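Number of protein chains: 2
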Amino acid sequence: MSYFDAASAAPLHPVARQALLAALDDGWADPSRLYREGRKARMLLDAAREAAAEAVGCRADELTFTPSGTRAVHTGMAGALAGRRRVGRHLIVSAVEHSSVLHSAEVFEAEGGQVTQVPVERTGAVEVASYASALRPDTALACLQSANHEVGTVQPVAAVAEACRAAGVPLLVDAAQSLGWGRVEGDWSLLTASAHKWGGPSGVGLLVVRKGVRFAAQGAVDERESGRAPGFENLPAIVAAAASLRAVRAEAEQEAVRLRELTARIRARVPESVPDVEVVGDAERRLPGIVTFSCLYVDGETLLHELDREGFSVSSGSSCTSSTLTPSHVLKAMGVLSEGNVRVSLPAGTAEGDVERFLEVLPRVVAGVREKLGAPVPTAAVPQAEEVVVDSLGKRCPIPVIELAKVIGTVPVGGRVRVLSDDEAARLDIPAWCEMRGQEYEGEEKAERGTAYLVRRVS
Amino acid sequence: MSYFDAASAAPLHPVARQALLAALDDGWADPSRLYREGRKARMLLDAAREAAAEAVGCRADELTFTPSGTRAVHTGMAGALAGRRRVGRHLIVSAVEHSSVLHSAEVFEAEGGQVTQVPVERTGAVEVASYASALRPDTALACLQSANHEVGTVQPVAAVAEACRAAGVPLLVDAAQSLGWGRVEGDWSLLTASAHKWGGPSGVGLLVVRKGVRFAAQGAVDERESGRAPGFENLPAIVAAAASLRAVRAEAEQEAVRLRELTARIRARVPESVPDVEVVGDAERRLPGIVTFSCLYVDGETLLHELDREGFSVSSGSSCTSSTLTPSHVLKAMGVLSEGNVRVSLPAGTAEGDVERFLEVLPRVVAGVREKLGAPVPTAAVPQAEEVVVDSLGKRCPIPVIELAKVIGTVPVGGRVRVLSDDEAARLDIPAWCEMRGQEYEGEEKAERGTAYLVRRVS
Numbered sequence: 001m002s003y004f005d006a007a008s009a010a011p012l013h014p015v016a017r018q019a020l021l022a023a024l025d026d027g028w029a030d031p032s033r034l035y036r037e038g039r040k041a042r043m044l045l046d047a048a049r050e051a052a053a054e055a056v057g058c059r060a061d062e063l064t065f066t067p068s069g070t071r072a073v074h075t076g077m078a079g080a081l082a083g084r085r086r087v088g089r090h091l092i093v094s095a096v097e098h099s100s101v102l103h104s105a106e107v108f109e110a111e112g113g114q115v116t117q118v119p120v121e122r123t124g125a126v127e128v129a130s131y132a133s134a135l136r137p138d139t140a141l142a143c144l145q146s147a148n149h150e151v152g153t154v155q156p157v158a159a160v161a162e163a164c165r166a167a168g169v170p171l172l173v174d175a176a177q178s179l180g181w182g183r184v185e186g187d188w189s190l191l192t193a194s195a196h197k198w199g200g201p202s203g204v205g206l207l208v209v210r211k212g213v214r215f216a217a218q219g220a221v222d223e224r225e226s227g228r229a230p231g232f233e234n235l236p237a238i239v240a241a242a243a244s245l246r247a248v249r250a251e252a253e254q255e256a257v258r259l260r261e262l263t264a265r266i267r268a269r270v271p272e273s274v275p276d277v278e279v280v281g282d283a284e285r286r287l288p289g290i291v292t293f294s295c296l297y298v299d300g301e302t303l304l305h306e307l308d309r310e311g312f313s314v315s316s317g318s319s320c321t322s323s324t325l326t327p328s329h330v331l332k333a334m335g336v337l338s339e340g341n342v343r344v345s346l347p348a349g350t351a352e353g354d355v356e357r358f359l360e361v362l363p364r365v366v367a368g369v370r371e372k373l374g375a376p377v378p379t380a381a382v383p384q385a386e387e388v389v390v391d392s393l394g395k396r397c398p399i400p401v402i403e404l405a406k407v408i409g410t411v412p413v414g415g416r417v418r419v420l421s422d423d424e425a426a427r428l429d430i431p432a433w434c435e436m437r438g439q440e441y442e443g444e445e446k447a448e449r450g451t452a453y454l455v456r457r458v459s
Numbered sequence: 001m002s003y004f005d006a007a008s009a010a011p012l013h014p015v016a017r018q019a020l021l022a023a024l025d026d027g028w029a030d031p032s033r034l035y036r037e038g039r040k041a042r043m044l045l046d047a048a049r050e051a052a053a054e055a056v057g058c059r060a061d062e063l064t065f066t067p068s069g070t071r072a073v074h075t076g077m078a079g080a081l082a083g084r085r086r087v088g089r090h091l092i093v094s095a096v097e098h099s100s101v102l103h104s105a106e107v108f109e110a111e112g113g114q115v116t117q118v119p120v121e122r123t124g125a126v127e128v129a130s131y132a133s134a135l136r137p138d139t140a141l142a143c144l145q146s147a148n149h150e151v152g153t154v155q156p157v158a159a160v161a162e163a164c165r166a167a168g169v170p171l172l173v174d175a176a177q178s179l180g181w182g183r184v185e186g187d188w189s190l191l192t193a194s195a196h197k198w199g200g201p202s203g204v205g206l207l208v209v210r211k212g213v214r215f216a217a218q219g220a221v222d223e224r225e226s227g228r229a230p231g232f233e234n235l236p237a238i239v240a241a242a243a244s245l246r247a248v249r250a251e252a253e254q255e256a257v258r259l260r261e262l263t264a265r266i267r268a269r270v271p272e273s274v275p276d277v278e279v280v281g282d283a284e285r286r287l288p289g290i291v292t293f294s295c296l297y298v299d300g301e302t303l304l305h306e307l308d309r310e311g312f313s314v315s316s317g318s319s320c321t322s323s324t325l326t327p328s329h330v331l332k333a334m335g336v337l338s339e340g341n342v343r344v345s346l347p348a349g350t351a352e353g354d355v356e357r358f359l360e361v362l363p364r365v366v367a368g369v370r371e372k373l374g375a376p377v378p379t380a381a382v383p384q385a386e387e388v389v390v391d392s393l394g395k396r397c398p399i400p401v402i403e404l405a406k407v408i409g410t411v412p413v414g415g416r417v418r419v420l421s422d423d424e425a426a427r428l429d430i431p432a433w434c435e436m437r438g439q440e441y442e443g444e445e446k447a448e449r450g451t452a453y454l455v456r457r458v459s
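One line per chain: the protein sequences are W and G, in this order.
Quick note: the first sequence uses the UniProt record's numbering, first residue 1, plus one each step.
Quick note: the second sequence uses the UniProt record's numbering, first residue 1, plus one each step.
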């Protein structure tokens, strides 16, 4: 078994397990009580807060433990937006934030707020100038992840924080994917993270609110966690989270070098061994352990299933692996191919041999899926008509692209293929196919049913 | 060490510990993923939900795991109130609910809702007729705890549920204190509970919403837990919570009999061995493990401290042990003495010998605290004036009552003592003292500073 989905949840670090066990004995009582069991619990909680704050680079009284990274984001955004309600009702997020940020933005919009989504480049990174230009006098809050969870691209947080600081706008950084690797640089105002992403237990998130940032906790609260995270503290897990963050950080520098080399290997060798693949995300400014690529003419769910049979656990941003039937919003915002998408995210300690075995197995697995789906093989087709219509209505990713690829040779250079599709993934994948194949994407038109995507053959 | 504060947090049940350890190995991955680690996690989550639902007496798809009992209450109340917004904006709670219910009610009121607090009898129970009379055509939700967390009194939930059902109003039952002992009877609509109250781990609450109950989750949500509890599931703790609920239930019947006898012993013997004590809460309709009493002329914080030194961990609803400087809202609503308040809540498995030792130690500890505070000793004082004024301004509980007791003998029968006090606890404790001492409480008046409490000597 090779578990390559650390970006979803990292396996529990041995130190986390150890600390959790110890804290089960000493940290089950209510830390707000005055008797000895309560005092013991309070000491553990205080020590965990100190340790986590040190790792984050903040004061202990700026750090709150929440029940998850998602809850940290929800609480942090709602509190910061409410705290600056008088300044205005404008929120900035990047287009590739984690769903918890985008869900909070939706709620804010539904309540009358205005949201600007800053687009990203094809690498997945925001441009600093583009982000800065979204800042307005009525901007209450800006959000930017430290690094992207699907493609690993590192965001220019320090520069964006500087622009926000100059405009007097607090910046919330979702550091879920990067905090185990190191502190977030720059002069940010709020920060969120999630313990199970760095090898800590589930059930613990971090919310940091710098002194001086206006913050008004929303909904019902109580006296716990400075009135920012109501409910009995999940103390054994908090202790384990703090201890493992420390442990992970001690190993981070060395492990980052090692994983970076392994993911670089995947970045380089997959396109060599698998035809029609697009490796996505920034090749340089990226997290050590994440590499993402998409395979033309492949159905993501089948691919994941076949890789699972071979002993590899990976995830995918393809539409066919999600319940919403839309491709990942991250791949969409980047404008890259979503079909046959695979995210490999290596946990700390991944053995080189496992990566080598993955590189060995992948070409065969992809070829097998393509064969099943009837993916096109290059043939010298004779051009037959100036315009061909492909009716892919009712067919799901990757079929529309496969059918497009099969007919492109039947129109002469200069001729056109019109693909009719009602699959949301086609909007992303047909232009991406054109870019990969050197054909011209002319745009889309509303059709009687679904959408017509127009492709001109240029080679 | 005798830990007698199970109503705050019960020590971890051995089965919870065992299940938690096992689930750390098999339940750390994301249960929404398709690969084997994800499928394993999903199976554990599904099995835990089935087990918890069986214990509650509901369908598995009606039960959501939340990060705590407090969050279950916040989410449940907000969702139910929003789901019936069109019916009206009226909420009913009892006066003795857990703070999480009252905090949610405050938020609802701040947003324009109307809240009716149903008073309780001196036992701590609501009267069914009184609760039913609070129901209105615009009532969106009614809340009633299954049993009180401070005094152990069991509420008439089944009868109140019937009245609510007849009025078409959903009833939310906070079952935090009772779920380990058995299912909540009656036709309730929503139910909340907290695992660490029954010996499960911290970090897990239950929210049950019966099919057909209108419910609109508030704030940002995601695809987890039916859209009712966002954020990565705290799976090992959930597994441990469900397993321990089952285990605790298997032992409940027998253990209830045993603990009920031990608390009955405390109820009977404390008033015999400690002078000037009021045992509060219903003597019959009560939880097996909780017994609460208040000691005149005693400062709760010192008493707790001294009991801790003797090896007993208990809690108190006295004003002097809380950060708000007001006595417990439960004791206040019951109209009973709050000074020198002690809640003993025995965890399952409490040894008889520990209770006996507590009964042995208590009289000496209380006497010691009273001596330090200069509590009054009965003397044959000679009446000096028809009215005596006691200036207790700036003095905190229990001093005003001690000073009242010291001078009552200096006025003749028919004479009056006027106690000036600015301590919030005096409002509760002076009438309670009169009731215990057979003196007449004539009421309060606004004084130049603080409040004047008027006591007529009748014996």
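Treat the hints loosely; a few may be bogus.
A pair counts as met if it fits within one copy or between any two copies, since identical chains are not told apart.
Simulated crosslink set (SDA-like; lysine to any residue; CA at most 20 Å straight-line) [to be verified]:
id, residue 1, residue 2
1, LYS446, GLY88
2, LYS332, GLU127
3, LYS395, THR326
4, LYS372, GLY212
5, LYS332, GLU62
6, LYS332, SER133
7, LYS332, GLY374
8, LYS40, ASP308
9, LYS446, LEU393
10, LYS372, THR326
11, LYS395, GLU301
12, LYS40, VAL87
Please keep in mind that the hints were generated in silico from the structure rather than gathered at the bench.
Remember, it's a predicted structure, so these values are computed and weren't measured experimentally.
Hints the structure violates: just list their numbers, smallest first. 1, 4, 5, 6, 7, 10 and 12
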